[in-house]
Amino acid sequence: MHPAASVILFTVTSGMGYGLLILLALLGVTGAVPPQPAFGLAGFGCALVLITAGLLASTFHLGHPERAWRALSQWRSSWLSREGVLAIVTYVPALLLAAGWVLAGRSDGAFAVMGWLTVVLALTTVLCTAMIYASLKPIPQWRNRWVPAGYLVMALATGALWLALLTSLFDLGRGLASAIAVPALLAAAGVKWAYWRDIDGAAPLARVADATGLGALGQARLLERPHTEANYLQKEMGFRVARKHAGRLRRLVFLVGLGLPLLLVLMAPVLPAPAASVLLAVALLAGILGALAERWLFFAQAQHTVNLYYGADAV
Amino acid sequence: MTQIAKNTTGRKLGLVIDLDTCVGCHACAVACKEWNDGGHMAPLTDEDPYGAEPFGVWFNRVHAFEAGPQVESGCGGGGGGDTRTVHFPRSCLHCEQPDCVTVCPTGASYKRGEDGIVLVDEDKCIGCKLCSWACPYGAREYDYASGTMKKCTLCVDRIYNPNLPEAERQPACVMVCPVSARAFGDLGDAESDVSRRVAERGGVDLLPDLGYQPVNKYLPPRPRRAAAEHAPLADAADGADVGQRLLRWVDRLLSR
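Protein sequence lines correspond, in order, to chains A and B. Every position in the first sequence, counted from 1, becomes a number in this note's numbering once 42 is added. Every position in the second sequence, counted from 1, becomes a number in this note's numbering once 15 is added.
Derived from the structure by calculation, the hints contain no laboratory data. Using N, Cα and C, we set each Cβ at its ideal position, and we do this for glycine too. A hint or two may mislead.
[Unchecked claim] Using 30 Å as the maximum straight-line C-alpha spacing, the simulated DSSO-like pairs for lysine-lysine come out as follows: (1) Lys277/A with Lys48/B; (2) Lys139/B with Lys277/A; (3) Lys21/B with Lys179/A; (4) Lys179/A with Lys286/A.
[Said to hold, decoys possible] Okay, the calculated bits of chain A under chain B, using three or more residues with CB under 8 Å as the criterion: (5) 60–69; (6) 119–129; (7) 335–349.
For reference, chain A alone in the conformation it holds in the complex (with noise of 0.2 Å):
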């Protein structure tokens, strides 16, 4: 599938920023961090800001972003327009607590349900981003189980980043901020290598012979093609990355977009604020291109079954 910049952007931007939300939402109704005005505003800045441009960037792929309230009708059957309604429910307790938070200095009573609230729609939310993808048969990388676990953990990685250098510039909980990070990250790396066993060793959903019904005369492969030039569906569906780049870019993910975050994140509480700060800065980024090396490859690796028209020998 060709990896579009603005979905990329899309999921990764409003991944983090539900991830932070999610985590701010909990440490406030746990009483595990004060309500301090300052951080929340900061915080629940970051979070909604992050959230609210990945959902702008979502429109920038549509052929008309002005008939884009109609996507907030079809809910019954459509992951797309499930994931738009709860998008926009989620902001109103999520507003609703950062008001108590930054205006009240509470994140307690009415503020705490506002808090659960904002933890389960937000995490549903990222759900049904994972499930527009999960829901499609025809392209086997994306119908796998560890989708949906991967947008999660991945969402939860980089918003604990964000959470960890907001916490150490702000000075307070920053050990907890580590103890949140440190199984987030290894919970990412862990679905991700999981998730990618799993595609490479996964037999083929069809072949050229089932896409043809040519079965019953044994195999199949493409002879000539329709067209001279390439099509929409070639453009759109016929992307393909070398094993060898994929490879890299998984190492990436690994090195670069967890790993060095994951040092980092255990070196900050042992260092003065503000060199800490900067590490934690430092890991935000590493963890942002990770998750975007993460998301290309995601839709770059997988193969839809249009391509066993177009010369794929199975997919």
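Start from chain A and add chain B according to the hints.
Frame of chain A; chain B shown alone:
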């Protein structure tokens, strides 16, 4: 409504494509383009049509495959002469379980309850392209000029068109086919001509395991006659005189 509308009539309009007779002339693709460029989902935009990289929307594309017991990949593969060329027209199959419809977030994609035709409401389409990802057959093509998705309409503007003579109320691709490799009809009616053809010839679904239940069926190429039947006359059984050979030749000709 992107939830699939309940079929109210039992009618399932679709095409039956005979891979045995298709000669790969692309007339169906061209006639489709010609009619639909002014039809229900018009225009079928062409970008740079006479330039170096022509790019445009087509509802019907004709591929050619090599099929046989042993087919090698790559150039000049070769199944030792035991393979054959199969021309393969590909268009929307108007599936009974069309995921292209259910994934649509706006309700622009829909399957009609009265005849099962899958259409796009161009006024509601936001151009998110998700439906084209959900189609395993590559039936949908995005029009960058209109910013909307386009697809085969089964010539909905021909088959019910009272301004056309009744004999012409058929999809353009079916009308134009010079070898009658394409037939249009109600595949929900077991007694229809198309259903009978499917039953007689063992019509197949494409990618049946994916569960889309395509309405369109493909008739596989007929089995080849045994190689002995193609033996040159000189190799005919001993003792056969010219008269017998002539009779056998006439017999073979008539029994085709």
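Given the hinted pair Lys277/A and Lys48/B, is their Cα-Cα distance within 30 Å? holds, 20 Å
Against the 30 Å threshold, does the CA-CA distance of Lys179/A and Lys286/A hold or violate the hint? Given that 30 Å is the threshold and the Cα spacing comes to 27 Å, the pair holds.
Verdict on chain B covering the stretch 119–129 of chain A, where coverage means 3 or more residues with a C-beta closer than 8 Å: Since 6 is at least three, the answer is holds.
Quick check: do three or more residues in the stretch 60–69 of chain A have a beta carbon closer than 8 Å to a beta carbon of chain B? Coverage by chain B is violated here, the residue count being 0 at a Cβ distance below 8 Å.
Please verify the coverage claim for the stretch 335–349 of chain A: does it have three or more residues whose C-beta sits within 8 Å of some C-beta in chain B? With 3 residues close enough to chain B, the hint holds.
30 Å limit on alpha-carbon distance, applied to hinted pair Lys21/B and Lys179/A: holds, 22 Å
With a cut-off of 30 Å on the C-alpha distance, tell me whether Lys139/B and Lys277/A pass. holds, 24 Å
Of the hints listed earlier, the one the structure fails to meet is number 5.
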